[in-house]
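Undergrad: One letter stands for each residue in the lines below.
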Amino acid sequence: MRLLTAVLRTIRHSRRLAIGLIILGVLILLALFSPLIAKAIGGGQDPIELAAYDRWLVPGPKHLLGTDQFGRDVFAMVVKALAVSLQIGAIAGVISTVVGVIVAFVAGYKGGWIDGILSTFTGILLVIPTFPLLIALSAYAKNVSLFQVGVMISIFSWPFAAKTIRSQVLSLRTRPYVDLARVGKARDIEIIVTELLPNLLPFIGVGFASSALGAIFGLVGLEIIGLGPGGVIDLGQIIFNAIGTGALTLGAWPMFVVPIGLLTLLFAALNMVNIGLEEVYNPRLRGVAGE
Amino acid sequence: MRADAPPVVAVDKSQDAASPSGVRAWLSRHPLAAYAIRRFGLYLVELWGALTIAFFFFRLMPGDPIQTLIQTLQQNYVYNAQASTELIARYKHEFGLDGNLLTQYFKYMEKLILHGDLGPSLINYPTPAQTVILRSLPWTIGLLGISAVLAWILGMIIGAIAGWRRGKLGSAIATNLSIALSHVPYFFVALILVYVFAYSMGLLPARSAYDSNINPGISLAFIGSVLKYGLLPGLSIVIIGTFSWILSTRMLMIPILGEDYLVYAEAKGLKGSRILTRYALRNCYLPQITAFGISLGFIFNGNVLVEQLFNYPGLGTTLVTAIQQLDFNTILGVTDIAIFSVLTAVLLLDLLLPLLDPRVKYWK
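So the protein lines, in turn, are chains A and B.
Everything in the first sequence is counted per UniProt numbering, starting at 1 for the first residue and increasing by one.
Everything in the second sequence is counted per UniProt numbering, starting at 1 for the first residue and increasing by one.
If you're looking for bench data, these hints aren't it; they were derived computationally from the structure.
Be a bit skeptical, because a hint or two may be false.
[What the hints assert, rightly or not] With the C-beta cut set under 7 Å, the calculated list includes, among others, these residues of chain B facing chain A: (1) Glu46; (2) Trp48; (3) Gly49; (4) Phe56; (5) Ile123; (6) Gly145; (7) His183; (8) Tyr199; (9) Asn301; (10) Thr335; (11) Ile339; (12) Leu343.
Beta carbons: idealized from backbone N, C-alpha and C, even for Gly.
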């Protein structure tokens, strides 16, 4: 309950954060209800089934966004694909945040040579261009599942989370209240969980949002090169289809405009949450937004 | 991958321990030199670590490139019979794939460091991978370099003005637009530009890097053609890049605006534009130079897709083709070059900044 009121207070302080969260909430709701929406559109049959309808239908009252080259309803496809894109963001976001938080706490709190090794290692991983490795990984790993792609993307995105959180741990661990807890003979793990972690939640949130952003873009990129996971349709794949089938020249613009629009909205919402959180918790940036 | 971490520090420590006390005394008297040496040592460690990780990453991946090569050759009727074991062994030797992983690693590093040799490219056998990469490098450097610098300059200017005139409508629009668009992939903008300018209006070409009817060379027609073909891919990088630089410049500008020396400058009756460029912006562009160096690596990531879309003959397209054909040496070479350029850029900036800005002190 205390947490909830704190969250509400934070949101009230930042209009940007609130707008970002609302857009994100709407998109998540859309994704959650995607099976129901698909059912409603299909009216008994699966609208994403091959040849469910005629091919290349133009947008109209029956098919809001028209149909694609296989006669699938584009609107139903987009809604389902949105769910997949959000899923990959959530999977990779959670994994890389958890790994990042652990590494950041071990490095930042312990310090010394452990910090040296871990920080050098994260630094090295940060300079390796991740996209080539990601393409390579999925090119060799044929028939990957969505979860596996999420894991692959997390391998390369946890260093970002670890780096941002570590610098915050470093600044927090010398604060008086942490020293006080240490004098009070609290164990390290207690200090981390009760003193440091709650104060770092916004930064962990920032790390999560960045990792999720990176993962969604990573999957879109893979799909566009034609290397995505099999059996699922995500927003990137619809864009890829639109390019590959010449939908651009056939006038089937929704296949290409709608996924790009949705993804842009998603990126914008996550970025607003990111910046909103940073503004709220970093007094130096307060007012930078210049509402 | 993780097993490679401990030696990283071992090397670091041995370097420290190896320095005799006479040198140490000299270093303590020359903090800048000590900093430069330390920084360079860290650079070598990072470079070595990143190259090693990349090497093992690609070697541990399943897939038999030699088999692929022989299949390709068979399809092209170079061999109509099954390839002999000797042939396979010879190719394995040529590509540095014989012996165990450690021997391969040492051989690869030796060739890379001593001779700058990346080994033969599989698709273009027997052309060495470095030749293939060098052929595509100018295109990427030209496209990326010009658009990245342009985005940086534009972003700095617009961001500074947006910070300066905060609260005004134009500033609010620029800021909110940047917040919404700064994380959008370059690729999306590229797609929209292609749709509008290439498909709908037919104004600009959307594939390749120059008109195939014009012979490459130093001629006005060729340069014009290169510019025309590079306009759309370049523009997509410039647009998104500018938005993210606007945001960060603005964030650096605003805390400065309240500083006393700006109030003093204003009290002296200096013109606003002069205060902005000479007083305020001066304190923003140095951190932004560092950020620019670091961003080069990420631009490369996004650029792969843009090049792929435009079929631009740069590193990104080379990379994707190489991956599709399991061309190990080329893939690794492209990755190595990206690692090298990012690390070197950051090193140079770290070494140059203390000279440019007396307030920058990395050493103790």
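Undergrad: Each of the hints needs a verdict: does it hold here or not?
TA: Taking the hints in turn, this is what the structure says about them:
Because the beta carbon of B/Glu46 sits about 5 Å from the nearest beta carbon in chain A, less than 7 Å, this interface hint is met. Restraint check, B/Trp48 versus chain A: the minimum CB separation of about 9 Å is more than 7 Å; hint violated. For the restraint placing B/Gly49 at the interface with chain A, the shortest Cβ-Cβ distance is roughly 4 Å, inside the 7 Å limit, so the hint holds. A distance limit of 7 Å between C-beta atoms decides the matter here; for B/Phe56 the minimum to chain A is near 11 Å, and the interface restraint is violated.
For the restraint placing B/Ile123 at the interface with chain A, the shortest Cβ-Cβ distance is roughly 14 Å, beyond the 7 Å limit, so the hint is violated. The criterion of a C-beta within 7 Å of any C-beta in chain A is not met by B/Gly145, whose closest approach is roughly 16 Å, and the hint is violated. Residue-level restraint check for B/His183 holds (minimum Cβ-Cβ distance to chain A is 5 Å; threshold 7 Å). Satisfaction of the interface hint for B/Tyr199 is found here, the shortest Cβ-Cβ separation to chain A being roughly 5 Å, below the 7 Å cut-off.
Satisfaction of the interface hint for B/Asn301 is found here, the shortest Cβ-Cβ separation to chain A being roughly 4 Å, below the 7 Å cut-off. This hint holds: B/Thr335 has a C-beta 5 Å from the nearest C-beta of chain A, less than the 7 Å allowed. Satisfaction of the interface hint for B/Ile339 is found here, the shortest Cβ-Cβ separation to chain A being roughly 6 Å, below the 7 Å cut-off. Hint on B/Leu343 holds. Least Cβ distance to chain A is approximately 6 Å, under the 7 Å limit.
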